[in-house]
Amino acid sequence: MYRTHNCGELNKKHCNSIVKLSGWVHSIRLMKKITFIDLRDFYGITQLLIPTIKINIKKEYVIQIIGKVVKRKFPNFNINTGDIEIYVKKIKILNKSIKIPIDINKEYNKNKVKLFKYRYIYLRNLNLKNNLIIKSKILNIIRKFFIINNFLEIETPLLVKSTSEGARNFIVLYRKKLGYYYSLPQSPQTFKQLLMIGGIDKYYQIVKCFRDEDARKDRQPEFLQLDLEMSFINRKNIFNIIIKLIKYLLYKIHKIKFINIKILSYKNIIKKYNTEKPDLRYKVYELNNNKFKYNINNKFLNYKIYGLILPNYFNIVGINKDVIINLLKNKINKILLYNYKNNIINKLDNKVFNKIKLIKELINKEFFSNKDLLLFLILKKNKYYKTIKNKINNFLLKSKYLNNIYIPIIIYKFPLFKYKNGKYYSYHHPFTKPYNNKLKNNLADSYDLIINGIEVGSGSIRIDNSKMQNKVFKILGLSNNKIKKEFSFFLKSLKFGTPPHGGIGIGIDRLILSLLNKNNIIDFIAFPKNYLNKDLMIKTPSKIKNIKI
RNA sequence: GGUUUGGUAGUUCAAAUUGGUUAGAAUACGUGCCUGUCACGCACGAGGCUACGGGUUCAAAUCCCGUCCAAACCGCCA
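When the letters of the first sequence are read in order and numbered with our numbering, they come out as residues 5 to 553.
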């Protein structure tokens with residue numbers, strides 16, 4: 005037996021009992037006649053008192069000790085086991101460690117190459133460990149939710165067929181015949197639709213998906229997705245499930261009981277925020293430029309007015325208007341803060357003010373609430389505009405006031421197609437049903453889930469009619485030959501009595517980022533790839549030498 | 001694929017007078033000291049071909065070119 009207790013559980017109640025502990029040597033403090041060791045395992049840290057200084061033990065050695073739990077003279081309130089220490093009677097070295105090439109207690113921001121290379125050591129970092137614990141918890145909560153709601157968990161293949169739409173696919177060589185390959189799935193899209201056709205009513209899966217695109221801090225080439233699909237439902241039914249899930253998660257993680265999840269149309273979102281994924285807590289957005297870029301003719305010749313909106317600004321406890329003014333003091337010539345209750349917060353001279361009035365009239369009132377702050381910046385050069393935007397964003401991001409605010413929104417009524425370089429592309433994906441089943445309005449029955457400005461998931465009601473599906477493929481410019489080659493089985497499957505169905509795919513890692521107010525996805529992945537999609541630890545991708553058939 | 005910034009002790013970072021003495025600190029490491037530390041403290045020591053290769057120069061960490069690597073952004077991400 006390696007241990008009777010772990011390093012995080014002993015307290016006053018265990019005093020005088022003999023215990024056996026195993027773990028890593030976290031730190032060593034030598035005094036004149038005694039030595040203190042912080043012994044660390046997954047569960048915590050326990051202080052060992054060794055009544056000698058002649059020990060041959062270094063940091064990160066794995067040791068096992070037997071000793072007596074005693075009350076400390078001077079408790080340490082920073083750790084759970086701070087009331088006690090172990091008076092060690094016997095030490096055994098289970099395994100030695102060579103010098104550690106990275107500092108496991110430090111946060112690394114630049115030059116992360118060592119972190120990738122020695123990821124297995126950095127897993128001992130407290131923050132990273134806690135991140136993995138919370139990710140595991142969230143996965144459990146999600147599974148529990150879908151069990152309660154009678155979803156069936158079904159796995160789908162990872163060796164699949166490449167299709168011409170979408171991101172680049174990773175390919176896997178086929179051993180039996182040269183020149184043939186499998187493709188790793190970007191999502192289980194086709195298979196989950198086939199499950200619906202097969203009569204599975206509610207399906208979900210937590211599944212690895214693969215996209216061969218360059219990584220970002222919220223993007224990895226392989227990632228976890230919560231995939232779900234339901235039959236005999238319309239968009240409102242799906243919205244209800246999504247809302248229920250998010251509320252369940254926010255309650256289980258943060259004990260937040262009341263939350264209002266808004267459903268907004270794509271058109272209005274773009275008009276108001278000029279982005280597809282607004283962060284309604286605080287983020288600064290450029291008001292639609294056509295309306296708000298004005299040259300002022302007389303005194304302010306060459307100056308331009310930029311409008312910004314800080315949604316819900318006045319809901320944020322602890323921030324007042326002066327904070328923003330102070331923040332921008334030296335950067336710009338004039339600031340005008342404006343709130344829809346018609347409060348002009350600081351004064352400008354009349355000529356400028358008249359221009360602002362003009363702008364005011366152009367704003368469609370329905371978009372703004374009296375909790376929004378409108379900010380007009382009068383600037384000489386437009387390069388300052390981005391600096392200011394970033395400055396405000398960074399400031400608000402760092403401020404503690406936002407820590408417990410979550411504003412999930414569902415955006416719907418996206419365009420069905422976008423036109424680029426003389427070609428039509430699906431805005432969502434080619435299986436999306438047109439809004440009201442009509443192609444002519446170019447609206448899709450698709451929806452995105454955005455939490456605090458992070459695009460967490462997107463989904464749609466699917467086309468359940470073979471003719472419609474064929475039509476959409478043709479609009480997308482797929483030749484008859486290609487349709488036949490890539491989708492003939494699928495078009496055929498739709499003819500055998502397809503139920504109306506739809507679903508959503510939610511990026512688990514992004515969901516976690518949004519629910520925990522974090523920004524880098526690799527902090528929640530045990531073994532991430534770097535921005536070139538390489539794994540610097542196992543050194544992959546690697547070169548092919550011989551392909552044997 | 002593109003743009004920008006960067007690569008300096010094991011680690012995290014400085015600095016180097018627009019190219020000119022011996023490239024520093026903290027921490028980690030080693031040795032010694034210190035009855036109670038817990039970010040222990042004190043003293044001493046060891047640690048660098050300034051990413052790699054080439055060029056300019058009396059002289060390069062510094063300027064130039066190339067390669068490799070990293071970060072942010074863009075492209076891309078149905």
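These aren't lab readings, by the way, just hints derived from the structure by calculation.
Hints may contain errors.
Subject to a maximum C-alpha distance of 25 Å in a straight line, what follows is the list of computed PhoX-like cross-link-like pairs (lysine-lysine) [to be verified]: (1) K96 <-> K116; (2) K72 <-> K118; (3) K118 <-> K62; (4) K58 <-> K36; (5) K444 <-> K121; (6) K266 <-> K281; (7) K251 <-> K281; (8) K547 <-> K165.
In this text the structure is predicted, and so the values were computed from the model without any measurement.
Open item on the list: Does K62 sit within 25 Å of K118, going by the straight-line distance between their CA atoms?
Closed with: Distance ~22 Å between K118 and K62 Cα, so the pair holds.
TODO: Measure nothing beyond the straight line between the CA atoms of K251 and K281; if it is 25 Å or shorter, mark the hint as holding.
DONE: Cα-Cα ~20 Å, so holds.
Open item on the list: K58 and K36 were given as a pair; does the straight-line alpha-carbon distance stay at or below 25 Å?
Closed with: Distance ~11 Å between K58 and K36 Cα, so the pair holds.
- [ ] For the pair we were handed, K547 and K165, check the Cα-Cα distance against 25 Å.
- [x] Holds. K547 to K165 sits at ~24 Å (cutoff 25 Å).
- [ ] Decide if the proposed pair is consistent with the structure: K266 and K281, CA atoms, cutoff 25 Å inclusive.
- [x] holds, 13 Å
- [ ] Measure nothing beyond the straight line between the CA atoms of K96 and K116; if it is 25 Å or shorter, mark the hint as holding.
- [x] Measuring from Cα to Cα gives roughly 35 Å; hence the hint is violated.
- [ ] Verify the proposed pairing of K444 with K121, using a straight-line Cα cut of 25 Å.
- [x] Judged against 25 Å, a Cα distance of about 53 Å means the pair is violated.
- [ ] With a cut-off of 25 Å on the C-alpha distance, tell me whether K72 and K118 pass.
- [x] violated, 40 Å
Hints 1, 2 and 5 from the earlier list are contradicted by this structure; the remaining hints agree with it.
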